Amino acid sequence: MKHLSHKLIILLALAATGLAQPVFALTAADTLRQLEQSAKQTDPNFKGVSVQRGERLFKATHGAEWSCASCHTENPGASGKHAKTGKLIAPLAPAANAERFTRPDKVEKWFRRNCNDVLSRACTASEQGDVLAYLMTIKN
Amino acid sequence: MMRFSIQTIPFALVFLASGLTSVHAGEHVYSANNAKWKTECGACHLAYPPQLLPAASWRVMMTQLDKHFGADASLDAKTAAEISAFLEANAGRNKREATGKPSQRITGTRWFKQEHDEVPTRIWSSPAVKQPGNCAACHTQAERGDYSERSLRVPR
Numbered sequence: 001m002k003h004l005s006h007k008l009i010i011l012l013a014l015a016a017t018g019l020a021q022p023v024f025a026l027t028a029a030d031t032l033r034q035l036e037q038s039a040k041q042t043d044p045n046f047k048g049v050s051v052q053r054g055e056r057l058f059k060a061t062h063g064a065e066w067s068c069a070s071c072h073t074e075n076p077g078a079s080g081k082h083a084k085t086g087k088l089i090a091p092l093a094p095a096a097n098a099e100r101f102t103r104p105d106k107v108e109k110w111f112r113r114n115c116n117d118v119l120s121r122a123c124t125a126s127e128q129g130d131v132l133a134y135l136m137t138i139k140n
Numbered sequence: 001m002m003r004f005s006i007q008t009i010p011f012a013l014v015f016l017a018s019g020l021t022s023v024h025a026g027e028h029v030y031s032a033n034n035a036k037w038k039t040e041c042g043a044c045h046l047a048y049p050p051q052l053l054p055a056a057s058w059r060v061m062m063t064q065l066d067k068h069f070g071a072d073a074s075l076d077a078k079t080a081a082e083i084s085a086f087l088e089a090n091a092g093r094n095k096r097e098a099t100g101k102p103s104q105r106i107t108g109t110r111w112f113k114q115e116h117d118e119v120p121t122r123i124w125s126s127p128a129v130k131q132p133g134n135c136a137a138c139h140t141q142a143e144r145g146d147y148s149e150r151s152l153r154v155p156r
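Protein chains in written order, with the numbering used here: chain A, 1 to 140; chain B, 1 to 156.
No wet-lab data here; the hints were simulated from the structure. Every value quoted in this text rests on a predicted model; they were computed, and no experiment measured them. Be aware that a few hints might be false.
[To be verified] In silico DSBU-like cross-links for lysine-lysine, where the CA-CA straight-line distance does not exceed 35 Å: (1) K81/A <-> K78/B; (2) K130/B <-> K81/A; (3) K130/B <-> K87/A; (4) K47/A <-> K139/A; (5) K47/A <-> K109/A.
[What the hints assert, rightly or not] Sample of chain B residues with no beta-carbon within 12 Å of chain A, all distances over it, derived: (6) L75; (7) R110; (8) K130; (9) G133.
[Stated by the list, open to error] A partial selection of chain A residues facing chain B, derived with a Cβ cut-off under 7 Å: (10) T85; (11) K87; (12) D117.
Where a beta carbon is used, it is the ideal one built from N, C-alpha and C, also for glycine.
Based on the sequences and whatever the hints tell you, model everything.
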């Protein structure tokens with residue numbers, strides 16, 4: 001029921017803005033649901049995402065120079081700064097930046113790159129879900 | 001009624017690949033543009049003008065994006081091909097800007113060092129600049145491709 005009313009609001013909003021948004025744009029909640037789906041498919045032991053695990057992954061270093069927080073800061077509700085170039089990075093938490101986690105190809109691209117830089121490997125779907133679940137707890 | 005023949009497509013592509021190139025000789029305003037390049041190559045630092053490295057340098061860089069100056073900047077094949085075409089079509093041909101062996105760093109070229117030989121060493125590492133690749137710290141309109149003296153403000 002909750003999902004249905006959510007979808008309805010999106011549809012109404014889209015109609016109201018005259019389809020100003022591309023129809024395929026997702027919400028961060030949609031993206032989280034998709035990550036949970038693929039975690040279930042790839043890991044039979046998957047028992048749901050964890051905000052605590054997500055926060056730990058985000059703030060810790062994993063054998064390389066950078067953590068996620070090195071660029072996105074300890075407070076992902078605030079603007080970050082690229083650790084090497086110094087370029088400003090808009091906040092990562094969806095509450096602070098409505099564009100985050102709305103475009104699957106962009107999300108996929110940056111998880112691939114940044115997990116590679118920070119963990120020297122890809123992040124699993126469940127790890128990505130953990131991180132997003134954590135980011136969604138950040139209030140603006 | 002709009003008619004669009006299949007023959008126009010190659011021309012449109014060439015046009016897109018070359019951007020609206022109009023380098024005003026001597027003025028150092030680089031206006032070549034491509035939306036994918038601007039987004040993808042402007043995500044971690046400002047999008048460095050294609051004119052500032054020779055085609056050979058861009059070609060090498062674009063095949064090693066997964067190991068790009070210590071960062072993974074990899075792209076899907078289609079986007080990489082479009083950006084490569086744009087970079088190579090607009091690459092530096094001017095001897096001054098593209099001498100020596102294909103460097104991956106604009107800031108490592110002989111041209112760059114000559115152009116900047118009046119900048120004192122302590123300025124490069126000052127808190128406001130931090131590194132030479134941070135062009136916008138001094139070239140205030142670098143984001144728009146404007147490196148002319150008019151918009152130059154070196155922080156003291």
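Going down the list of hints, with the structure as the test:
no.: 1; hint: K81/A <-> K78/B; in the structure: holds, 29 Å
no.: 2; hint: K130/B <-> K81/A; in the structure: holds, 13 Å
no.: 3; hint: K130/B <-> K87/A; in the structure: holds, 11 Å
no.: 4; hint: K47/A <-> K139/A; in the structure: holds, 25 Å
no.: 5; hint: K47/A <-> K109/A; in the structure: holds, 25 Å
no.: 6; hint: L75; in the structure: violated, 8 Å
no.: 7; hint: R110; in the structure: holds, 23 Å
no.: 8; hint: K130; in the structure: violated, 6 Å
no.: 9; hint: G133; in the structure: violated, 7 Å
no.: 10; hint: T85; in the structure: holds, 4 Å
no.: 11; hint: K87; in the structure: holds, 5 Å
no.: 12; hint: D117; in the structure: holds, 5 Å
Comparing the model with each earlier hint shows violations of hints 6, 8, 9; every other hint is respected.
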